[in-house]
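In case you want the letters, here they are:
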Amino acid sequence: MEGRECDCREGRRAGILAELKSLKQQKIEIEKRINVIETQLHDGGHFAEEEGVRDPHHSASCNSASASLTPQDIYRYSRHLLLPSFGVQGQLNLLKSSILVVGAGGLGSPALLYLAACGVGCIGIVDHDVVELNNLHRQIIHNEAYIGQSKVKSAAEACHGINSTIRIVEYPEALGSQNALDIVSKYDVVIDATDNVSTRYLISDCCVVLGKPLVSGAALGLEGQLTVYHHKGGPCYRCLFPSPPPQAACQNCSDSGVLGVVPGVIGCLQALEAIKIASSVGEPLSGRMLLFDALPARIHIVKIRGRSLNCVACGENATFTRDSFQSFDYEKFTQAPFSDKTRPKLSLLPESARISSKEYNECVERGEPHVLVDVRPEHHFMIASLPKSLNLPLSTLQSRLGEIEEALKREESDLSPGSHASLYVVCRRGNDSQRAVDYLHGVGFPLAQDIIGGLESWARDVYPNFPMY
Amino acid sequence: MEDITMTTDKETQEREIKDEKGKLKSLPSIEIKVLFFARARDLTGFTNTVVSVKPGCTTLDCVAELFSKFPSLREIKDSMALALNKEYAPGNTILNNGDELAIIPPISGG
Chain A
29 MEGRECDCRE GRRAGILAEL KSLKQQKIEI EKRINVIETQ LHDGGHFAEE EGVRDPHHSA
89 SCNSASASLT PQDIYRYSRH LLLPSFGVQG QLNLLKSSIL VVGAGGLGSP ALLYLAACGV
149 GCIGIVDHDV VELNNLHRQI IHNEAYIGQS KVKSAAEACH GINSTIRIVE YPEALGSQNA
209 LDIVSKYDVV IDATDNVSTR YLISDCCVVL GKPLVSGAAL GLEGQLTVYH HKGGPCYRCL
269 FPSPPPQAAC QNCSDSGVLG VVPGVIGCLQ ALEAIKIASS VGEPLSGRML LFDALPARIH
329 IVKIRGRSLN CVACGENATF TRDSFQSFDY EKFTQAPFSD KTRPKLSLLP ESARISSKEY
389 NECVERGEPH VLVDVRPEHH FMIASLPKSL NLPLSTLQSR LGEIEEALKR EESDLSPGSH
449 ASLYVVCRRG NDSQRAVDYL HGVGFPLAQD IIGGLESWAR DVYPNFPMY
Chain B
5 MEDITMTTDK ETQEREIKDE KGKLKSLPSI EIKVLFFARA RDLTGFTNTV VSVKPGCTTL
65 DCVAELFSKF PSLREIKDSM ALALNKEYAP GNTILNNGDE LAIIPPISGG
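Chains A and B, in that order, give the protein sequences.
Counting in my numbering, the first sequence runs from 29 upward without gaps.
Counting in my numbering, the second sequence runs from 5 upward without gaps.
Please note that the accuracy of each hint is not assured.
Capping the alpha-carbon separation at 30 Å, the derived lysine-lysine pairs in DSSO-like fashion look like this [as the list claims (entries may be wrong)]:
| no. | chain 1 | residue 1 | chain 2 | residue 2 |
| --- | --- | --- | --- | --- |
| 1 | B | Lys90 | A | Lys260 |
| 2 | A | Lys331 | B | Lys73 |
| 3 | B | Lys73 | B | Lys90 |
| 4 | B | Lys81 | A | Lys360 |
| 5 | B | Lys58 | A | Lys331 |
| 6 | A | Lys369 | B | Lys81 |
| 7 | A | Lys214 | A | Lys304 |
Rather than coming from a laboratory, the hints here were simulated on the basis of the structure.
Could you put together the complete structure from these sequences and hints?
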């Protein structure tokens with residue numbers, strides 16, 4: 029019996045292996061074919077010169093305006109062609125155009141999907157990041173199967189899935205002073221769908237140096253902004269904001285949160301503006317800014333200043349060249365990193381005033397009398413918190429010191445006279461807890477200590493199931 | 005930008021009292037609606053407000069008034085776009101009663 033079962037298992041295994049081998053072979057064949065077609069696209073302009081797709085007699089039997097549209101193109105884009113203000117010429121312009129999307133996140137997701145669907149001939153996608161589960165509520169181009177994989181790859185495959193006749197170029201890297209000129213120069217229109225202020229200045233300057241129109245969108249919380257920079261004599265980002273905002277004013281989605289559909293709305297509008305510019309229809313949002321306000325359902329459009337004659341990048345006497353662009357230190361200028369994930373690590377306290385999350389865990393396990401103050405905002409505390417922690421948000425700490433004193437007294441009531449309970453402070457990442465401890469030292473709590481790395485380190489080093497956000 | 009959802013009632017009342025007194029003392033003031041966006045909302049705690057300024061005040065005078073009223077707003081003093089009645093207005097533009105001034109700091113998230 030055992031022998032027969034074993035034979036049976038072996039047989040199934042051999043069958044699976046054979047199927048796997050055959051599927052892998054088919055996959056290689058398909059990838060080869062994709063390469064061939066992509067090369068043809070690259071060499072032969074916007075449309076696929078795939079045998080069988082284009083009718084050799086087609087152009088002879090049609091009038092000249094639609095001569096470059098295949099029957100498939102006409103069928104696919106028919107609703108565009110039916111629009112009197114867009115029509116064949118608009119579609120042909122789109123098919124011949126190239127658009128670069130920097131950032132395949134909340135803004136880039138809908139923008140890319142629409143650009144691919146509507147037949148932009150060549151789309152470039154730049155992003156250095158990988159897909160994470162906490163991206164999926166807003167970055168709708170990605171799906172669960174791509175978690176941990178390159179956002180560019182995920183986005184490119186989604187775009188290909190919608191429209192296999194266009195060319196997608198993947199740049200799985202961060203845009204920086206060294207690669208930006210080379211990449212941006214290959215495109216007609218640039219979409220800024222990034223998440224940080226350094227890259228925004230870099231992209232704007234690069235577009236000025238290369239003379240490219242820039243469709244700039246941004247979203248945070250429940251608000252969005254949209255405008256077109258450096259288009260037909262219009263202002264650039266620096267004309268409007270010559271000085272970068274201070275670090276405190278540069279909020280990002282991973283700290284402040286964002287309602288998923290808000291970047292979705294702005295990303296769609298970015299696609300629209302890019303399509304208008306690429307197909308030469310309508311009036312681009314240049315010299316004006318759209319402000320989207322989700323909660324009261326309001327959209328404001330305000331006129332913004334024109335090009336500044338004194339602008340460092342595009343003004344009358346500006347000397348901003350390719351060389352100066354490449355040597356400009358954007359992270360230093362804005363005091364903000366190129367990625368919203370890189371956060372400056374604060375180091376405010378001496379080592380004696382700090383303990384690791386592991387050490388804190390040992391203190392709990394020993395049953396050491398202590399008070400743990402969590403200085404995160406209340407709505408963060410509501411997401412997840414450590415047992416018995418006392419939530420005193422940093423902004424309210426000054427007026428609630430009495431609560432710390434009371435909590436310490438309760439802990440000390442069972443102790444022998446003269447013994448003290450410890451005071452620990454925690455936050456999300458370990459910066460605010462340092463600020464709080466620094467403050468507490470000066471107001472009568474000289475023994476307060478902070479937990480290094482905050483709840484993030486707790487989840488990483490002590491309790492991996494602690495919910496992180 | 006027609007409807008204002010969140011006017012600071014207390015302030016409007018104060019201004020009305022001032023206006024009444026103003027009539028007696030013949031010291032008129034004009035009223036400017038201010039709209040805050042993005043970081044300006046976090047710093048002031050308001051989406052909009054009303055400020056009273058002297059006739060002849062400029063856009064920049066009004067901004068200075070806002071800084072004294074909301075000191076934390078100075079954080080973005082070098083990084084904000086201004087729009088007066090939805091139009092671009094240089095800092096020396098003279099304000100009129102009922103003008104609407106928008107304070108627009110850049111958003112960088114995405």
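Checked hints:
no.	hint	result
1	Lys90(B) to Lys260(A)	22 Å, holds
2	Lys331(A) to Lys73(B)	26 Å, holds
3	Lys73(B) to Lys90(B)	23 Å, holds
4	Lys81(B) to Lys360(A)	20 Å, holds
5	Lys58(B) to Lys331(A)	26 Å, holds
6	Lys369(A) to Lys81(B)	26 Å, holds
7	Lys214(A) to Lys304(A)	19 Å, holds
Consistency with the previously given hints is maintained throughout, with no hint failing.
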